[in-house]
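Dock chain B against the given chain A, drawing on the hints supplied.
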Amino acid sequence: MTWGVHSLVPLPVLLPLFAAGLTLALHRYTRVQRVVSTTALAATTVASALLLVAADQGPVVVDVGGWAAPVGIPLVADRLSALMLTVSGAIMLCVLLYSMGQGVAGESDVEGRAVEVVPVAIYHPTYLVLAAGVSNAFLSGDLFNLYVGFEILLAASFVLLTLGGTGERIRAGSVYVVVSLVSSLLFLSAVALVYAATGTVNIAQVAQRLPDVDPTVSLGLQLLLLLAFGIKAAIFPLSAWLPDSYPTAPAPVTAVFAGLLTKVGVYSVIRTQTVLFGDQPLVDRVLLVLALATMLVGILGAVAQDDVKRLLSFTLVSHIGFMIFGIAMASEAGTAAAIFYVVHHITVQTTLFLVVGLVERRGGSTSLERLGGLARVAPGLAILFFVPAMSLVGIPPLSGFLGKVGLLTEGARLGTPLTWALVVGSVLTSLLTLYAVVKAWNKAFWQTPPEEVVQRPDDAARLPRGMVGPTAALVAAGVALTVVAGPLYAYAERAAATSMDGTTYVDAVFPGGAERGTGHSDEVTEGGDDS
Amino acid sequence: MVVLENTPSAVLVVAVGVLVSVGVYLLLERSLTRVLLGFVLVGNGVNLTLLLAGGRAGSAPIIGTAPDGEPMSDPLAQAMILTSIVIALALSAFVLAMAYRSFQLGGHDEVADDVEDRRIARLAAANAPAYTDLDAEGSDQTLDEEAAEVHDDVEAGGQPDGSGEGGAR
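So the sequence lines, in the order shown, correspond to chains A and B. Going by my numbering, the first sequence opens with residue 1, and the numbers climb by one from there. Going by my numbering, the second sequence opens with residue 1001, and the numbers climb by one from there.
Honestly, the hints are just simulated from the structure, not real lab data. Accuracy of the hints is not assured; some may be wrong.
Partner residues are not named here, just some residues of chain B that face chain A (Cβ under 8 angstroms, in silico) [as the list claims (entries may be wrong)]:
{"id": "1", "residue": "T1049"}
{"id": "2", "residue": "L1050"}
{"id": "3", "residue": "P1067"}
{"id": "4", "residue": "T1083"}
{"id": "5", "residue": "S1084"}
{"id": "6", "residue": "V1095"}
Predicted model only: the values in this text are computed from it and were never measured. Think of the CB as a built atom: it goes at the ideal place given N, C-alpha and C, for glycine as much as any other residue.
Okay, chain A solo, but in the shape it has when bound:
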């Protein structure tokens, strides 16, 4: 095998996994652990960024173990995968830094109860395993390997969600674990049925063979896969678990879950809808209706909440609807807008949850009843909240606005009654999002500060620099998304084009035609030009 840019492809999976083992072995040495996990995630991010550049020339494929594609398991980094990898790597790094900042001061307690005493010994290995699982899901060119990636990240997320094993977390964790197990079973049975129908689980080969399968069977497979991914992505009738289980976890854990885990589901939906099954008007219409329902039900739930974490969890569900809207339009521009929206939403939603962690630290609570006047006592914190909140709503010129403009333009261009309904629904959802975050803003940041907020002891009220730094960096990154929106949006458009044309992905995996599979590859393949 030769070295080259394709050698980078396995790194986002291998580095975190290796570092996870190392940090577990070094669990007595907290400082070494921190260095190892930070280095691993930083290296992952760099490798992903290099892949992002390389994938723009065509998908980068690596045959794991030197076994050629139909026999071996390929890892495929096309534009979409590389973009998701880069964003997720950067986000996971920032959240890791934040959680380390929190860990130092987390031993002090507020109102007599210990807040967020993260058991560092298992936190780092688990977090790194989560990173590896997310990367594996994004890179996998094989349905069963995608399932394994999901299981890796789910197992890690179970541990992170129930950290400390308090009653409330166990309760929330039970719901999450049971729902996740069910979705895994659905996914696994979908894999089994795909294998029965096509005789392969390699995504590219399945895509080649599906046109020969009976359309009814193919539709059944598509719906089963969408059902499994829909649970993970929290699309409306399957979304009730999310606001129930996320808010109780420690702030950094909620942040990374909210930012990334649902997006892994969205990514899989994009793959299913573009590379695997292509244009299916019936399924697209169903998805459009579900997208509308997700937006409206989610945001109406958010309006009713009076706890910031729950409120944000509901907006998370609601805004998944925007991405599904983009995907369901089944056009290049729609998918491109969805991809851009995913990038925007990962950044902004993670930032907001991190800020809420800071609010909880400063105000001693996340309940809107008990917070107040934070803009006066902590003006910096107010700015950190305000900017991503406005971006979430879609106030120009922030990135949320750009994503929404893309979606709405495409919806209006298609001009069917259903897409117009979605356009109206999107605007309504944005307005209600504005209402929800302004409500949070009014109650938490304005009003007369309650005495408990003003009279907090200095050491409890002081926000550790380790927590503020990464949050501020993410807020800045969110603003920077606007600055680089031109190139980024163009990249998303090219990524959508690669996904939609249905041949680039397959050709990259099978450069010598589909019947390459002798089980032996002399050389690792690298995709050609896809223009």
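This is chain B only, laid out in the frame that chain A set:
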């Protein structure tokens, strides 16, 4: 080349049906232990589906060992089953640990309701302010009256989704 017959065997199909239906019944229970049993049963049903997807059994899938003219089993299906068994083992261990922790904390292993969600639903039914209004601190009388009314609503209506007076006002 000898091709394996891939008509599924009826016994296995029935077994999948039984395992999955019993498993789904258990998954719908509230107790985590039963949910776990349900997960294991459905998981085994799905594993059998994978086995079915690989076609009928043949001789051992090692090149050179199969007698001429006899088809080999599909090894990929078995490899996938093995992987999924290992994953199910890890997840079962986690669910067991969680059920035990739940038992330690509450004396049972049932999945509890989301209290916060119930509270919000009741608030919505009563249409009451969800916070102490600092600006209106002087006008105790109206707040009291409202609170009393709300109380009556909750007592009388009882239903979290009952619209009744709350919605009408």
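So, going through the hints one by one against the coordinates:
no. : hint  : verdict
1   : T1049 : holds, 4 angstroms
2   : L1050 : holds, 4 angstroms
3   : P1067 : violated, 22 angstroms
4   : T1083 : holds, 7 angstroms
5   : S1084 : holds, 6 angstroms
6   : V1095 : holds, 6 angstroms
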